[in-house]
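These protein sequence lines map, in sequence, to chains A and B.
Each residue of the first sequence is one higher than the last, beginning at 24 in the numbering used here.
Each residue of the second sequence is one higher than the last, beginning at 12 in the numbering used here.
Rather than coming from a laboratory, the hints here were simulated on the basis of the structure.
Predicted, not measured: the structure shown is a model, and the values here were computed from it.
Don't take every hint at face value.
Stated by the list, open to error - Cβ pair distances, simulated, as ranges: (1) Ser54/B / Gln28/A: 34 to 42 Å; (2) Glu44/A / Ala13/B: 36 to 44 Å; (3) Glu14/B / Met42/A: 24 to 32 Å; (4) Ile70/A / Lys113/B: 41 to 49 Å; (5) Pro58/B / Gly52/A: 20 to 28 Å.
Said to hold, decoys possible - Straight-line distance between alpha carbons at most 25 Å, and here's what the computed SDA-like set of lysine to any residue pairs gives: (6) Lys34/B / Lys67/A; (7) Lys23/B / Asp71/A; (8) Lys95/A / Lys25/B; (9) Lys95/A / Lys23/B; (10) Lys34/B / Thr49/A; (11) Lys81/A / Pro68/B; (12) Lys75/B / Pro99/A; (13) Lys95/A / Ala46/B; (14) Lys34/B / Leu34/A; (15) Lys67/A / Pro68/B; (16) Lys67/A / Val93/B; (17) Lys75/B / Ile25/A; (18) Lys81/A / Lys25/B; (19) Lys75/B / Met75/A; (20) Lys25/B / Arg74/A; (21) Lys95/A / Thr49/A.
Claimed, not checked - If we take Cβ atoms under 8 Å as the criterion, some of the chain B residues that face chain A in the derived model are: (22) Leu65; (23) Pro81; (24) Asp89; (25) Gly90; (26) Phe92; (27) Asp97.
All C-beta atoms in this analysis are idealised placements derived from N, C-alpha and C, irrespective of residue type, glycine included.
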Amino acid sequence: MITPQEIKDALGKALPVSMVETQDLTGGGDHWQLIIVSPAFEGKGLIDQHRMVNEALKEQMGDNRIHALALKTYSPSQWEKLGS
Amino acid sequence: MAEDVLKEIDEKVKSNKVVLFMKGTPDFPQCGFSAHTVEILKSYGFPFATEDVLADPAVRDGIKRYASWPTIPQIYIDGKFVGGCDILHELHERGELEPMLKAAFAK
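Isolated chain A, as found in the complex (with noise of 0.2 Å):
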């Protein structure tokens, strides 16, 4: 079990990111769904991207405070086409 603050904190001790929603998808907790738009993914992949992701929350995955995690990741500008 892991709070939206923590998750937020987390991801921006490791990557800087310009907006982060999080849903707890089950309400109890551990399984999250995040939105993610950092610069840092600017042209990388979605493996890639995903990959700073996990790393970020390496810790809070490996001890279980996060069981399930569904990602979206954006780059600021992949994130303003979606929006326009």
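Fit chain B to the supplied structure of chain A, relying on the hints for placement.
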């Protein structure tokens, strides 16, 4: 022993156009993410091989090390790691998955 598993996985990945490492089987998936991945792949009509990681703890652990990817399901197309459920879903939505599959089967 551990290395044997990686070799086994590598052979499976290299000898199939599309391989899905999943929890359960396509008819009886044991996890929502695996089920969704099967659904996406089935929608294209191309054949794909699957491996039930729940049937073998060594493969379950080995596949995570093979791709340096912490979660299951994992999809491989044309011998290359493509991603997990989220990435496959995203590629599907963007219309990028079909060309990848077509290219793999055109070879």
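Against the structure, the hints come out as follows:
1. Ser54/B / Gln28/A: 34 to 42 Å: Between Ser54/B and Gln28/A, where Cβ atoms are some 38 Å apart, the hint holds.
2. Glu44/A / Ala13/B: 36 to 44 Å: holds, 39 Å
3. Glu14/B / Met42/A: 24 to 32 Å: violated, 42 Å
4. Ile70/A / Lys113/B: 41 to 49 Å: Distance hint for Ile70/A, Lys113/B is violated at roughly 20 Å.
5. Pro58/B / Gly52/A: 20 to 28 Å: The hinted range 20 to 28 Å is violated for Pro58/B and Gly52/A, with Cβ atoms some 40 Å apart.
6. Lys34/B / Lys67/A: violated, 29 Å
7. Lys23/B / Asp71/A: With a Cα-Cα distance of about 23 Å, the restraint between Lys23/B and Asp71/A holds, given a limit of 25 Å.
8. Lys95/A / Lys25/B: Violated. Lys95/A to Lys25/B sits at ~28 Å, over the 25 Å cutoff.
9. Lys95/A / Lys23/B: The given pair, whose Cα atoms are some 29 Å apart, is violated under the 25 Å limit.
10. Lys34/B / Thr49/A: holds, 20 Å
11. Lys81/A / Pro68/B: holds, 21 Å
12. Lys75/B / Pro99/A: Not satisfied, since the Cα-Cα distance of roughly 30 Å exceeds 25 Å.
13. Lys95/A / Ala46/B: holds, 19 Å
14. Lys34/B / Leu34/A: violated, 28 Å
15. Lys67/A / Pro68/B: violated, 32 Å
16. Lys67/A / Val93/B: Holds, at about 14 Å.
17. Lys75/B / Ile25/A: holds, 23 Å
18. Lys81/A / Lys25/B: Not satisfied, since the Cα-Cα distance of roughly 29 Å exceeds 25 Å.
19. Lys75/B / Met75/A: holds, 16 Å
20. Lys25/B / Arg74/A: Distance of about 23 Å is within 25 Å: holds.
21. Lys95/A / Thr49/A: holds, 18 Å
22. Leu65: violated, 16 Å
23. Pro81: It holds, given that the least Cβ distance between Pro81/B and chain A is near 5 Å, below 8 Å.
24. Asp89: violated, 15 Å
25. Gly90: violated, 15 Å
26. Phe92: holds, 7 Å
27. Asp97: holds, 5 Å
Of the numbered hints stated above, those contradicted by the structure are hints 3, 4, 5, 6, 8, 9, 12, 14, 15, 18, 22, 24, 25, listed in ascending order.
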